[in-house]
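The listed protein sequences derive, respectively, from chains A and B.
If you're matching positions, the first sequence starts at 239 in the numbering used here and goes up one per residue.
If you're matching positions, the second sequence starts at 725 in the numbering used here and goes up one per residue.
Among the hints, erroneous ones may be present.
Said to hold, decoys possible - Pairs of lysine-lysine residues, derived as DSSO-like cross-links and limited to a Cα-Cα distance of at most 30 Å, are as follows:
no.	chain 1	residue 1	chain 2	residue 2
1	A	413	B	1242
2	A	451	B	1031
3	B	1215	B	852
4	B	1031	B	874
5	A	439	A	417
6	B	1139	A	375
7	B	1029	B	1008
8	A	413	A	292
9	A	457	B	1138
10	B	1138	A	375
11	B	914	A	439
12	B	1031	A	413
13	B	869	A	451
14	B	821	B	852
These are computed hints drawn from the structure, not numbers from a lab.
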Amino acid sequence: MDRRKTIKSMLVGGLAGPLLVAGCVPEVDDKKIVIRDTMGLYGRTPKEKEHDAKVMATSIFSEHELATITVLCDLILPATSSAVSATQAGVPEFISFIVMDIPDHQLPLRGGMMWLDHRSKKLFGKVFMMCTTEQQKHLLDEIAWPEHSSPEVAQGVAFCSLIRNLVLTGYYTSKEGLKDLAYQGNVANIWDGVPSDVLAKHNLSYDPAWLAKCVDQSKRDLMAEWDAEGNLIS
Amino acid sequence: MQNEKSSKDYDVIIVGSGAGGGMATKILSEAGLSIAVVEAGPHFDPSDPEQRTQLKWPWESPRRGAGSKTRPFGDFDACYGGWEIEGEPYTHTPGTKFDWWRAHMLGGRTNHWGRISLRFGPRDFKHKSYDGLGEDWPISYDDVKPYYDKVDKLIGVFGSKENLPNEPDGFFLPPPKPRLHELYFIEGSKKAGVPVIPGRLSMVTKRINKDRGVCFYCGQCNRGCSVYADFSAGTCLIFPAQKSGGQIDLFVNSMVREVNTDDEGHAKGVTYINKEDRMEYELKGKVVVLAASACSSARILLNSKSKQHPDGLGNSSGMIGKYLHDSTGASRDAFMPKLMDRDIYNEDGVGGMHIYTPWWLDNKKLDFPRGYHLEMWGGMDMPSYGFGFDPNELNVHIGKRVGGYGNQLRDDVKKFYGSVVGMSGRGECIARENNYCEIDPDVVDEYGIPVLRFNYTWTDYERNQARHMHNTFEEIFDAMGATVLGEKPGKENDFGLAAPGRIIHEVGTTRMGNDPSKSVVNSFEQLHDARNVFVVDGGPFVSQADKNPTWTILALSWRTCDHIIDQLKKQNI
C-alpha cells in the first residue's frame, strides 16, 4: 500500500467525522539506510512552494547589474586549478534569488553597484564592467580592506563586504563549494570518535573511564536491555 | 455561524499532538479508549518524501538553508510555525516582552527540538523548601521516577550513570564519544574547575525496538529523522499507537477555540475551527485532555467561558496564565587557534552535544537563587546561508589583514573552518505571579479567537545568573586556549540574558497544587474546577528547574493518563 497516498486520502483537513488513519509506518532497517529519490523536493509546504515560485519568477536586476555581479563574482572567487569559479558554481543565480527572498539586500546591493560605477567613471572614465581587469582590481584594492581604506570610499567598503559575503556564502553552499571545502558530512555513517591521527596531532586522548561509558558500535543493533538498576546489559 | 456536530462521542479528546498530547494518545488509545486528537497544523512525517528535509544539501534550498518567515530556524528546520504566525498575532503589555514560539504540526515542537532530555531532580520538585522562593510541587521526585523510567525505556535517551545528587540517572542508552572540540571543552572545564559529563539526549544510539532505526549520525535531528532514531511525538508515540490498532481519529489543521461544558460545569467536548473551510465544528467527548502548549492551553481555558465558569474554565482561582516562566539563556562564541587548518573528516555525530555540564555550584554562596546547565558546540558543520560571511575576520587574532578578494579567500575559509566554538547557559528563573499571559480584550486572530497578551519581565535574579554564565564561559574558554569573541554584555543589556520566551521552554500557566485557590490543576494535572479536564503540557509545572521540560512533560502525561484510565474504570469521571 502506498502509505503516503493513503494518509493523504484520509487526511482531508479537519472535517468532522471519523478519519481513522491506519498505521502504515514503514519497517526501518538501519543496516540498509535507503534514502528514496526525492530530487527537487526538500520538504516544502504548499504555502512555501507558492512563495518560492513567486520569488523565482521575479528579478530586480537589470542586465547591466547582473553583468556587473558576474564580473564581481569571478574577481572575488576566480577558478583555480582544482576548483571552479563563483560564476561556474552558479553564484549570480543565487544572488538574484536571495535579494528577492531577503529584500533588505536590494538597496545596498543596487546602490552599491551605482557607487562602484560612479567611482569607476571618476577613475577610469567608464563603468566598472567595461574596465580592464587591472583597473577593476585597482578599484577593489581601494575598498576590499576595511582597515586599510580611505574614508572617501567608506560606502564602497560596505558594498564590497556585502557582495563578498554573498559570493562566499553562495559558493560554499553550492555543490562545487562543498567539494572545494572537502566537506565530508551529511551522509549516513557511524561516529566512533575522533580519528587517532587527529587525536595524536592535537596531543589529546580519550579518558578510558569516559570511553567505558560510550557506545560500543559493534553492539548498536542489539536490542537495549537493562537490569533493575538501569545498567545496560546488552 | 452554524456548528457542525459530529455524531461520535469520544472517550477522550486530546488537544495538541506534541510531547504531552502524543504520550496521552499512546497511553489512552492502548487502554482501548476511543480518541480524537485535534491538531492545529498539518500531518507531519519526517520520512514522507514530500516533507523530509534530512540529508538534503544546502543547494537543494534556493535560499541555501537561510531562515525565512515560515522557517525562522532555517529552511531545513522541521518546524511549521515560529515566533510570528501570519493571521495569529499575540500582544504585549507595554514595557514588557515575551517571544512566543508556536509549532503547528503533528508532533508540535518535538519535531525540531534539541532532544536534551533531563529528569528533574529531587530538589527541583521542592525548591521552596530549600531556598524559600517560588513554590514546592505537590508531588516529589519519587512520584515521577517510575514514569521517567518508563519514558527512558519506551523512547530512549543516551547518558551515563553519574550518581549526582540532583541529576538522577535513568535507563540510559550509551552516549556517543566526544568530538574534537568537545575534548578541548573537557580539558578546559577541568582546568576551570567545572565538571563535564556525557550529554543526555533522546537519540537512539542502540536499537530500542523493531519500529525505529538506530542513529546514523547525520547531526540533523532538528530536521526530523526519517528512520525515527530521535524522539518526536509523531514518530515515537502517535504512529506506534496507530500501528497497534488504536481507535484514533486525527483532526489536523483544526484549531480548538474552546472547551464546551454542560450545565454542571463538566466538559462535554470542544469547538474547533477547520482552517481549510474556516467553519466551526464540535466534537463530543467524556474527557478533554489539553496539550496545546502551556500558553495555548491557557488561552483555550480562558476563552472557555460559561455560566458555570464565568472567568474561563478552571479559572476560579484566577491563576490561569499566571506564573508563566521560561528558561533563562545566554551564549558566547570563541575562536580556538588550535582548531585552525583542521583535518577534514565527518564529525556530524548526533544532532546535539555529546557532553554537557549540569549545575555544579551552591546557590547559597551566589547572588542568584537557581542554577543553570552548560551546553557546548562547535565542529565542521554543513555550510548553509551565512557560511563565508566575513570569511577572514578572525585574521585580526593572528596578526593578518582582514578583507580582500581572490583565491586567498578560499585559503582563509579553509583555515578557519571548524575553529569557532561556543557555549550556552540554560537556567532556572523563579516563577512569579506577575509574569503572565491573559486574553487581550481587543484583539482576535483570523479565526475570531481572542488572542493572548503577554506581560513578562526579568528580575535581578535572572540578570545576575546571566552575568555568572558569562563569567563561566570566559573561564572555560581561557582555560582551553580559546579567544572569546565579541564584547562581554553588561548591565545595559541585561548581561546578555535572552529575552523572555526565547529559550522556548514556557511553562507554569496552569500550575499544579493542592490548594484550589492558588493553583489550577491538582497533582494529577486535573482541573480543580472540572474533574474531566486535564492539562498535560508544560502548563502544570510549578517550577522549571535548570532542565529542559520535555522529559518531565512526557513522564507527567503518562502518570496523568494512568490516573484517567483508573478514574474512568471507577466511573469517577
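Status of each hint after checking the structure:
no.	hint	result
1	A:413 with B:1242	59 Å, violated
2	A:451 with B:1031	59 Å, violated
3	B:1215 with B:852	28 Å, holds
4	B:1031 with B:874	41 Å, violated
5	A:439 with A:417	24 Å, holds
6	B:1139 with A:375	24 Å, holds
7	B:1029 with B:1008	17 Å, holds
8	A:413 with A:292	24 Å, holds
9	A:457 with B:1138	36 Å, violated
10	B:1138 with A:375	24 Å, holds
11	B:914 with A:439	21 Å, holds
12	B:1031 with A:413	64 Å, violated
13	B:869 with A:451	23 Å, holds
14	B:821 with B:852	26 Å, holds
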